[in-house]
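Here the protein sequences come in this chain order: E and S. This note's numbering puts the first sequence at residues 663 to 1109. This note's numbering puts the second sequence at residues 178 to 1295.
Take the hints with a grain of salt, since some may be wrong.
To be verified - A few chain S residues that face chain E, going by a derived Cβ cut-off under 8 Å, partial list only:
| id | residue |
| --- | --- |
| 1 | Thr867 |
| 2 | Pro1019 |
| 3 | Pro1073 |
Unchecked claim - Only pairs whose alpha carbons sit at most 30 Å apart, straight line, appear in this in silico DSSO-like list of lysine-lysine:
| id | chain 1 | residue 1 | chain 2 | residue 2 |
| --- | --- | --- | --- | --- |
| 4 | S | Lys833 | E | Lys982 |
| 5 | E | Lys960 | S | Lys782 |
| 6 | E | Lys982 | S | Lys782 |
| 7 | E | Lys976 | S | Lys782 |
| 8 | S | Lys603 | E | Lys1078 |
| 9 | E | Lys687 | S | Lys833 |
| 10 | E | Lys1078 | S | Lys1105 |
| 11 | E | Lys982 | S | Lys603 |
| 12 | S | Lys1121 | E | Lys1078 |
| 13 | E | Lys820 | S | Lys1121 |
| 14 | E | Lys889 | E | Lys823 |
| 15 | E | Lys692 | S | Lys1121 |
| 16 | S | Lys711 | E | Lys686 |
In short, the hints are calculated from the structure, not lab data. Virtual Cβ for every residue (Gly too), placed ideally from N, Cα, C.
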Amino acid sequence: MRKFPINSRSILYSLLLLSAASCKKFVDVKPTGQTTKAITFESVENAAGAVNGMYFDLSIQGNIYSLLLYTNISLLADELNTVNVAAAPFAVNSVTPQLSGLTVYWSGYYAMINHANLVLDNLSSVPGLPAAQMAAWKAEAKFIRATAYMGLVQLFGKVPKVTSSAWHDNETLPRSPVTDIYALIVQDLKDAAAGLPHDYGDPAINRIRATKGAANAMLTKCYMLQKDWTNAAASATAVIDDAAMYQLEPVFDDVFTDNSVESILEIWFGSLAPSILSSSFGQGGGRGSTPQYTPGAKIVSAFNNSPNDARSFKSIGGGKVNKYATSTSRPKLLRLGDLYLLRAEAKTQLNDLTGGLNDLNTIRTRAGVDSSTASDQASLLLAIENERYLELAFEGQRWFDLIRTGRADAVIGALKPATWQPTDVLLPVPQTEINANPALLPQNPPF
Amino acid sequence: MQTVILCKGNSRALAGLFAPRRRPRTLPLQFTKTLRVMKLVTVAMIAFCVHVSAKTASQTITLSGRAMPLQRVFGEIKSQTGFLFFYRNEDLAGTTRVTVDLKATSLPRALETILQDQPLSYSIQGNTIFITKKVAAPNPATGSGQGQPDTTAPSRVEVHGHIFNEEGEALAGVNVVLSEPRGGTSTGTGGEFSLMAAPGATLTISSIGYAPTKLRVKRRDNEMTVTMVRSVNKLDQVQVIAYGTTTKGLLTSPISTVRSQDIRDFPLSSFSQMLQGLASGVFVSSSSGSPGKAPYVNIRGRNSIIGGEPLYVIDGLPILADPLDNGDIGLDPLIGINPGDIETIDILKDAGSTAIYGSRAANGVILITTKRGKQGKTVFTFNGTQGAGIPTGRLPLLKTKDYVALRREGFMNDNPSQPLPASLAKLDSTTETNWQDLVYKPTIISEYKLGASGGNAFTQFYMSGGYRRETNALSGKKGLDRETFRLNLDHKEGKRLKISANMAASRSENQNTADGGNAYAAVGAALSAPPDVKPYDSLGNFTAIPLSSGQVGNPLAIFSIKMNNVTTQIKTSTSINYEILDGFSFHTDMGYDYNSLTEKVYIPKAVNATLQNILYDAQILNSSANTYSLEPQLRLNKRWNTKNTLEAVAGTTFQKTLSSFNTLYGKGFPSDDIQEMTAASTTFGSSSSTTYAFNSLFGRINYIRSGKYIVNASFRRDGSSRFGPDNRFGNFGAVSGAWVFSRESFGRNWHFLSNGKLRGSYGIVGNDAIGDFSYIDLWQPFPYGNQPGSRPVTAENPDVKWERTAKFDIGVDLAFLNDRIGVTLNYFDNRTNNLLVSKPVPSQTGFTTVQDNLPGQVRNNGVEFELSTVNVHGSDFRWNTKLNLSWQQNILNKFPGLATNSAYNQHYALSKTLNLLWGYKFQGVDPKTGTPMYDGFNLDGSVKDPTALNPGYQIIGNFAPRYFGGFINNFAWKRFTLDVFLQFVQGVDAFNSLTVLNNSSTSNNNQVTDVLHRWRNQGDITDVPRAATTSTAWWVNSGIDDQSSRFLSDGSYVRLKNVTLAYSLPVKILSGMKMREFRIYVSAENLALITRFKGLDPETGGNVAPTRMIVGGVNLSF
């Protein structure tokens, strides 16, 4: 055999060297369109994004706070009609564990919780992050986490209490008692109220990110759930008295403009407009001449019984829900009108009927209807319930009000006698979740 | 030189191998020893040429021995050369034993030596050596073979002829054997021959690589023009394999090959669709009858839970074959390949042939070889096709009268005492709209291909351009407009340097209205739209149709949505091969593969008014992928002596794919006049990108001994960026072997057996078909409040690793009666471990899935059978049959802890197939109430066993076929050919997907006429539940009905897939026209379907059913 020519030998050697040397490097590729957790928390700028991104879980198209709270949850109550077959089980309170539309209420809230936990667990490793900034961001994460647990506990009752971001450790957690969840929410919101800024000094952001006011407003709701009327009234007052930041809009329709002075927390839509929210209710550019969701007969007649009500057009005008009329209409997760009525309820429960009546009539006056003359606790509570029905129609509050006051059985049972069962006050845990974690058993009754 | 001309058909022949010396030709008609030797040298050289890539059958003989019987000597020569011997045993009776000492002696010389003192002579025809009793040299002028005057014999006549191949090239060195008087000659460089023959005698014309032809000598005018048809001996056919070639006869693996002539007449746009039913073990299923949609291609069953496509390799370049995603059914990533440019498609199935592709080979490999130029005069080819298609797969729907009655009955069943609501009372019962008639349009198919090929001894080229236009059965819009271009170049310099370059570019455009189940679902809309609604209102606007889901509107409005997809592909590969030493070369493949999809959607204002949940008025989506690859290799091809051949390859792969995805949305257009984003009042967009890097070392050794024993071993070490740093590299490999027992001494005595080979392989291959970076904890940017933001999107799992499939294969190839019957039988048993899966995790973790490996094992085993027979082989009538049949079984073999793993025990079951359909078992309709009954549920929808994890949810069917195949008959009568192709799939269940939509009896969708048999009165026995409204139909609300066996039917079918009738003009006329080919044909696709399936089509399910096409075409070559 001849010897290899020099050049081919060098080719062979360089080939072997090349492959040996570059193998590992060549396949060590970094993601380009995304970052990793390590990158996310390696700079203050990226960490700021991780904190701000927590709201995306709320605003993501078609998710709970951008649609499903106002459609399906309103269907559970006595507010809406729908032609959407997929939503029909909500309308007749026959949600089964297998229903695919149920899953998002569980997974959506836990995505928020995980995101908040990741922020809480990793901020301390961000180099150069000022302590004050870290505290504010942690407060914001706690607000997000508490908000998600508020949704979960009201819809499902007992739920797993997840407070760390080690996802593998959370896979098999069972459901915790409701009181434990409340305790976590209250603690988170107290921390949030302490750490969050009063405002961000930027009108464009002030009402779309959590503030001290938002934490106190959410805290009011949590105390109401626990029938802690004193604390509820106190935290509501803390927000209502902050007139520099929050005031009732004199004209009701203006409540639904973006950055309304009444808004405590709005969900931003930005460039993804028009939202599915507005088109689902038959709004926007002549689209959807037949909305999927229309006001139900009961709420229409409630408005008919409230003549000259300034809230009528926004709620049922033209047979449509007009609260999300414009393409960027931001849902109001928390607003001052809601707090007035909550405080009215808390005061009434504390037998401060005058205080309760005052708050109620503040809202009625703005709506251009006669002041309430309810004179005893029970009738005042009913008047407040009805006022919330009209004031907060289609804002995702009615179902939770009826559950909180224990009135769902009476009110919904009367409206939907064929399909209502007393156990319908809680949604079942999605079957897919039980499949993935049997420790979630037992299922909510009757399943 | 004659040999060069003869060998140019085989572009892989190496010029340097023409070692045998050439002698000056002697005159024809003189049957001298010199001539005979010359002829045999020529034959040997031809044989050599054809055998070149095999390197197994030796062209020289090394043999020494004392007093050997002739039979043994012949057997030895056969095993060394692959030439067959024909003799009568009685002729050998009087022979003596021979003593020879031959060293690398040419075949003719060896035969001369051996037969020197024997009363025997020989002649070589094709690759067969005829041994006959020695006769006196015939005297062409006067005598018979016995050398005695034959007074009764007619006088001799002169015969002149020219022999050409199908391309019209003159064939030199062709054997012309004459029966009377016995003798013969061979053709000269111009393909010419002449001899004296007795009228009525038979001329047998034969040449290696061509089918022998027989002609009768006439009394006068014996001026013959003969066209020889290429018929390479099957075993000597060049077989493309990974990183090289071999021959069919020396394969150790089951490889199914589809050739250009098998698919040339199919009026389909995609070659992958054409594979359906043509190759055993390969299951192909169209996703839609619309052109340009990606078909599902599976080789030997579902290896893993994530599934996965085969690896496609075009001319050595592995290409990206992930369906291009436009949010609907994926577009065919291979649509840019013009099937007319394909020479062969080879399907590699077992570990032996695929392990060298390592981690990407688990699902098999499809090698595509495109046409290459041949030395000679430039040949032009033209193919034109024109035809039409008829949409199939309509469902019988209710007429308005029955539809209105159903809606009203539903309301009254639920609310017996209430009056009809206004919406039902006012239903317009005089309108009768047949939406299916309005939606389906006949299709038009046109295709034109022009090609040219040729070259000189150093450089050859093949180039082609193609244009295809096909309309869509839905709407009649552009289904596919495709332009393809290809240039393949080969260049040789000296003996050692070879360079090849392949360049292909294509542009495919379609305006397919989405036919899947999304907002623009056209098939669904056509079947769901109520019949009592007019398509247009009195002002000529689209009627808004308020359908239940709020998602499907007026089908005609849906068609007005402008959706234009343009796929651009550039695939180039180049290779340089430098032979450093004889048989040892440096080879490098370099490739670049570019794929781009641009989708433009515009929703006209008139349509906008009828649709809901529309986020934008216009969308531009661009998705592109760039793949670069470099594969330097060293190749060894060494034969030490006549018996031992070693072939080896070692190399390394560098490959990187950069993908990007950009979307731009716009809304608020002033009018429909400008539909570009510049006119939009608001635009918003997004972009993302990802990288996939791949690096490997690989090698293979192939050793062949005496053409009988072949062993093969291959290895690959792969590194993929898709796994974490600790699991990035994986080792794969295989061993395989074959034994050609028909070349053994005992095999030679079985004359009925022309080939017999036993082969087997075992090896391990892998799968990395998961998303890029799915092992890592990714955060994705999402802004909020006009401020930057990000959120976690994947749960990290650094432990995720390769899926590994151990593949075992054993098979036998048999050919009988001189290859008239060919049988291939394979058994395979593949076991996959470390199943890659997107594992569901409870969403309390913040994620819904994590990339993981399951501890289970999937087993796929099966039997494949291929049969080809030549039933009739007359001079006028020929009939060939091909049958392929694949039986497959897929089971989940192991899965520790499955019983308690509730995330999986409701999708998979031990010892059952992965392809299970789960749902609820329909048990008929309660005669009392008309309520459907399901196993595990009471009549009111409550569950019978509240403690059950998922009550009533069970296995109700299987969605992968148990067996499938194809049956092809080719008939030829004179210049006519008729091909009939049946394709079948058996033992599969399928949901009548659209029937689900249409048979719910609760929505305002129109219904299939099945609901006419619905329950109406107490005591009715039927299987269609009562009409109801959504509020009370718990079976609909709960989703149980949709997932029930009520909508499941047998998805087995037999399809008369293609019938083609063709006529070719005879050579005589052609040569007058200076043409090589003039062929006209009529081809009909999808002519008939036999099935019990109740939906649109058992193959395409809820999407557009395959159209029935009839095309006429012409093939010209000059």
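Okay, the hints, checked on the actual structure:
| no. | hint | result |
| --- | --- | --- |
| 1 | Thr867 | 6 Å, holds |
| 2 | Pro1019 | 4 Å, holds |
| 3 | Pro1073 | 17 Å, violated |
| 4 | Lys833/S / Lys982/E | 54 Å, violated |
| 5 | Lys960/E / Lys782/S | 35 Å, violated |
| 6 | Lys982/E / Lys782/S | 22 Å, holds |
| 7 | Lys976/E / Lys782/S | 27 Å, holds |
| 8 | Lys603/S / Lys1078/E | 26 Å, holds |
| 9 | Lys687/E / Lys833/S | 12 Å, holds |
| 10 | Lys1078/E / Lys1105/S | 25 Å, holds |
| 11 | Lys982/E / Lys603/S | 22 Å, holds |
| 12 | Lys1121/S / Lys1078/E | 25 Å, holds |
| 13 | Lys820/E / Lys1121/S | 25 Å, holds |
| 14 | Lys889/E / Lys823/E | 22 Å, holds |
| 15 | Lys692/E / Lys1121/S | 53 Å, violated |
| 16 | Lys711/S / Lys686/E | 65 Å, violated |
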